[in-house]
Every structure is written in structure tokens, then in C-alpha cells.
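Just need the whole structure built from these sequences, with the hints factored in.
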Amino acid sequence: MELRVHDLACRRGEVTVIEGLNFRLAPGDCLVLRGPNGSGKTTLLRTLAGLAPPAAGRIELDEDAILYAGHADGIKAQLTVAENLAFWARVYGGADIAPALAAFRLGDLRDRQAQHLSAGQKRRLGLARLKVCPRPVWALDEPTVSLDRETVATFADVVADHCTAGGSAIIATHVDLGIAGTRLLDIAPFRAREDGDAGSPFLDAAFDAEPAR
Amino acid sequence: MMALLRRDLTLALRSGGGFGLSLAFFLIVVTLVPFGVGPQTATLAGIAPGILWLGALLACLLSLDRIFQLDFEDGSLDLLATAPLPLEGVVAVKALAHWLVTGLPLTLAAPVLGLLLNLPDGAYSWLLLSLATGTPALSFLGAFGAALTVGLKRGGLLLSLLVLPLYIPTLIFGAEAVRRAADGLSPATPAMILAAITAATVALIPYAAAAALRINLK
Amino acid sequence: MSIWEYANPVRFIRTADRVLPWAAALTAAALLVGLIWGFFFTPDDYRQGSTVKIIFLHVPAAMMAINAWAMMLVTSIIWLVRRHHVSALAAKAAAPIGITMTLIALYTGAVWGQPMWGTWWEWDPRLTAFLILFIFYLGYMALWAAIENPDTAADLTSVLCIVGSVFALLSRYAVNFWNQGLHQGASLSLDAEENVHDVFYYPLLFCIAGFILLFVTLVLLRTRTEIRARRIAALLAREARAA
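Chains as they are written, first to last, in my numbering: chain A, 3 to 215; chain B, 20 to 237; chain C, 270 to 512.
It should be emphasised that the hints constitute simulated quantities derived from the structure, not laboratory data.
Cβ atoms here follow ideal geometry from the backbone N, Cα and C, with glycine treated the same way.
Each hint should be verified, as a subset may be incorrect.
Now the in silico label distances, taken between C-beta atoms and shown as ranges [stated by the list, open to error]:
no.: 1; chain 1: C; residue 1: E274; chain 2: A; residue 2: E65; range: 34 to 42 Å
no.: 2; chain 1: A; residue 1: H118; chain 2: B; residue 2: P103; range: 25 to 33 Å
no.: 3; chain 1: C; residue 1: L474; chain 2: A; residue 2: G40; range: 54 to 62 Å
no.: 4; chain 1: B; residue 1: R33; chain 2: A; residue 2: R6; range: 38 to 46 Å
no.: 5; chain 1: C; residue 1: E417; chain 2: B; residue 2: P103; range: 55 to 63 Å
no.: 6; chain 1: C; residue 1: W386; chain 2: A; residue 2: D206; range: 51 to 59 Å
no.: 7; chain 1: A; residue 1: H73; chain 2: B; residue 2: G141; range: 54 to 62 Å
Some chain C residues flagged as far from chain A (calculated, every beta-carbon gap over 10 Å) [stated by the list, open to error]:
no.: 8; residue: A292
no.: 9; residue: S319
no.: 10; residue: V435
Shown next, in the form of C-alpha cells:
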């Protein structure tokens, strides 16, 4: 399962933020997205996940191959840890939640409602979801926010295992995960020229030629 | 899909205020009517079909914004949209869950409230039947309105303004069926048209609602 | 040359600039002729007296109230399918005109109904249908106003317009079922025997033409304004990013 991106342009609202982006993500690859705030990392990941249509270019990827994890974890406060995980496992056709609980040290918390978890524990639950949804390509947006150092290491191990097993991951993060063989993709050079609004029909240069009355 | 239905029902039960509130609202509306129009049983009996339908409709409206809003805020909707389920199916299941926790209890409670309004004897079964066939359309149309307004901070009032005009045909035929039964006429024609509207709504609205959701997730 | 060239905002504005003076002049001419003829040079009806003359406002306004929504439906679909911004903005521009026409139809209907039916308002199917149409316009405009991103607003209002059209039509027949009504049948139809009398018919045609032209003029004007508003917003956004 290889992800190929050809000459991709992404739009946030009305403004094109990224253009001319080409990259490949082969099985086993782990790609870290870098770029200043507002450079379009989230927009790129949402576009890859199919939540937003590309403004131009092509994304080659099988259907239902990508697993997106954004800033919000999709955790329901009134459900227990196990219920939350089991739900996403069912929806994504995944299997046993026990290994995921174990990997993120959530075993003792499994019957606790998510509203009684700390921010870090909630985040761990959100990441545990990755292990119960069997999809080869992970698109993760700032997954390490509010994680302690130990959990970051756990998370890095999970990603490394996933890639070793033939999966791949594209991760927007500023933390060094220490995963061997990680590639960096700096998207700053792909920032759209002309302030990203060149395509807008309302900024057509012909407006200025409008005959004065 | 079953998992989603079960989750939504569990959430509705655990978070409280879901169908309990709608039922209480229905009761209060029906209780207030005699204070407004006077206690004469003949007057009340005459307007009972309309009041019961209107009360159920308004009670249904209360919880519409929750169909998608919470899932939108906590990111669940993103994950559902990228899941191997068709988004149309997600909409249909969530609208069904809404009906199970609001429309169905309202339907079952309506005959009891009909007693308060002195609804004529022959109309009870048709009240049950017309609400049972009509309220699913209310939930599905509500899901469409909720999908349109999901990205808005204070969409509640706008949601009502968008959804209520869509409720007009359902209300007309639903209340008409009960009124005819109350007057001793045959309610078959309006009841069948009501069923047709519900069937078409349930079949087609998920496509429009899913389209609206996709636009809002962009 | 294809009609889609006018989907370019600049081309649209240029064309609108050229057409607008003519459209405005024709509108004024048709309305002046129609209304003066209708109000001062037609006889009183033997039953309704001079109140019959309200049809010169009522009927054209009612027609345009419906046609404006129909135009919004078509332009909404064009926007969803072909993504022409001008199309979406034309739909947005037509809504306030349509709701005004609906209000005129409702108001003139009430003014006429008071002496004729003895009541300002009657839950007659036609009147009710226009009231419902009024509410649909309100919802449509409220949705436009509520959404910040203009493209998202265009998308969502278009979906609402399509679904709303189905339900507005459904409501039209539902209210027929619900109340048989007092309102007379259509004032105009191809079947000439049912038409209003010739004396009223010809000035009415002028009034209808005038209202159609008025609608076209206002839509062109408002669409041009909407395009310029979008251009200002885009320029301001560019300036803000540059700063």
C-alpha cells in the first residue's frame, strides 16, 4: 500500500496554503511533517484523509486505507475506556482491544468513564485507537500534545512497530520521536505563491481594467 | 452501523436530559394549553389532535442540535466520515437513534396526554399510528437541519427556523388523520399520504444531510 | 460564445454595467404604462368595484415571488454542479427580492381580502402557501447570513434550496388538502375562457412584463454588488495576510 502524492495543492477556507507538493510514502516509511504554524500541516493531513478535496493535483491511495487522527480524539465522556475503544474497533472493523489497552497502560482504567480521565490519559486512549483500527496508512496531527516523556516513547514504539509490520505513517509533530529511518518533509517550500489566493476569480487582474465611469 | 446505534443510545441514556426532557416538555406544553384556551372539554376535544401533534413536534425539535453537534466538537464526526461506513448510513443511524429516544417515547406518551385534553374515543389508535408513522420523518428532517448548522456556534435557533417549515406537510397530514378519526370520518387518506412522506423522507434525506455534513467537515 | 462566459465575475460586471440602464428604463416604461393604464383607464368590476385593480400589483408580485425561488433553485444547482461563483451570488441576490415580492403579494392580498371576504387574513390554501414560501425565504436568507465562509454558505444554502423546493411544493399541495379555500382560480392561463376579462388582461400583461424586468434589473444590480463585496473581502484578506 503506497501513498503517492502528485503536484498536490490544498486549500484552507478560500486560500490555497500548499501547492506543488510531491511525495511518496511506501510501506515501512515514517514521514514527519515540519513547517511553521499555519503552513498547512493540518490541512494537508485532512486532505490526505479525504475530508477535504484537493485544490489541485492527485492523491493515489486505496480506499479505506488511511487512518486520520486529529486534535480531537473522538472520545465520549460518558463511555468507559473499553467502550470507547471497542466502538471504534467495531466501526473500523478492527479486532481485540486488549493489546491496545496494554500498550498504552490503560488496562487498569478500562472500566472508568472517560470523563474521569486526566488529559494525558485521554490522549493515550485516543492513541490506543490507532492500534484497534486496522489501516495501513496513519495520518496523525500533533499526536504527542500533553503526553509525558514515557508515553511519547511508548507512542514512538507503537508507530515503529506499525511501520515494521508494513504500515506507514505521516505525522505532523515538533517532537523528536526517535524512530529509526524517519524521513523529514518540510512543507514550508511548498507554501503557495501569490499569497495563495491567485485562483480566486474575485482577484482577477481584469477587475482593475474595469472602465471608469 | 449497529455499533453506532448502540453507542448513540447508550450516550442518550447516560447523559440524561435526552428523552426525559423531551417527554417533560411535551407534558408541560399539553398542560399549559387549557390554561390558555379555557377548561371547556368540548373546546379541548376539538383542538386536541392539533395540540398533541404540535406538542410532539416541538418536543422533537428540542434535542435536534445534539444529533451531530457533540460528535462534531469532539472529532468523532471526522473519524466517522473516514470510517468504512457510508456517511449516508451514519446519518440514517443517528436519525434513527434520535427517533428511538424522542419520537418513540413521545408517541407512546401521547395517548395519556390525549386523556388530559379529552380526545374523543375513536381517535386514540389513530393518534398512536399517525405519530408512529410521522415522527420518523421529523427526526430525519431534523437531522438534515442539524447537518446544515453543525459548524455554527449558536445554531439552535437557526436550526428551528430551517426545520419547522419542512415539518409542515407531516404536521398537516398527521394532525388531519387524528382529527378525522376524532370526527368519526375515515382517516385512511391522510394517514397513507403521511406514510408516503415519511418513507420518501427516510429514504432520501440522508443523502442531502450527508452532503451538508461533508461540506461542513471540509 | 458560450453562456458560461458570463460566469466570470469580471465579464458579468461588464455586461451588467451595459445592460442595467436599458433594463431599468424598460422596467420603468412597462410599469408606468401597465399601472397607469390599469389604475386609471380600466372600468370598475361589476361585483368587486375598484378593488379589482389590485390585481395589477398582486398577480405580478405573486408570480415573481414563485419565479424568484425557481431561479434560486436553478442557480443553486448550477453552483453545485459547475462551481460558478456568479451563479451562487445570483441566488443570494435574488432571495431578498423574492421575499419582498412575497410580502407584496401577501399585503395586497390582505388589502383586497378585507373588503371582499370581510377579513384581512383567511387560511386559504393560496394565501397559506405564500406565507409558507415567505418562511422558506426567511430560513434561506438566515442560513446565508449565519455562515462565515462564503463558499460553504453557498454550498449549504444550495442544498437547502433544493430540499426546500421539494417541501415547499409538498406544502402547497398539503394545504390544498387541508383547506379547500375561497381564493379564485388562476387569473391567467392558456385556456382563454377562464382568463380575466380582456379590459384587465392587456394592462396586466404590461404589469407582468414590468415586474419581470424589475426583477431582472434588481438581480443584476444586487449580483453586481455581491461580486464587488466578495472582491473587497478578498482584497482585504490579501492585505491582512501581507501585513
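We went through each hint and held it up to the structure:
1. Taking the beta carbon of each, C/E274 and A/E65 are about 37 Å apart, inside 34 to 42 Å as hinted.
2. Between A/H118 and B/P103 the beta carbon distance is about 31 Å. The supplied range of 25 to 33 Å therefore holds.
3. At about 60 Å, the CB distance of C/L474 to A/G40 agrees with the hint of 54 to 62 Å.
4. Taking the beta carbon of each, B/R33 and A/R6 are about 44 Å apart, inside 38 to 46 Å as hinted.
5. For the pair C/E417 and B/P103, the supplied restraint of 55 to 63 Å is violated, since their beta-carbon distance comes to about 32 Å.
6. As the Cβ distance of C/W386 to A/D206 is approximately 55 Å, the hint placing it in 51 to 59 Å holds.
7. A hinted range of 54 to 62 Å holds for the C-beta pair A/H73 and B/G141, which are about 58 Å apart.
8. Look at C/A292: its CB is around 17 Å from the nearest CB on chain A, clear of 10 Å, so calling it non-interface holds up.
9. C/S319, annotated as away from the interface, keeps every beta carbon of chain A farther than 10 Å; the closest lies near 44 Å.
10. Annotated as non-interface, C/V435 keeps its C-beta farther than 10 Å from every C-beta of chain A; the closest such distance is 27 Å.
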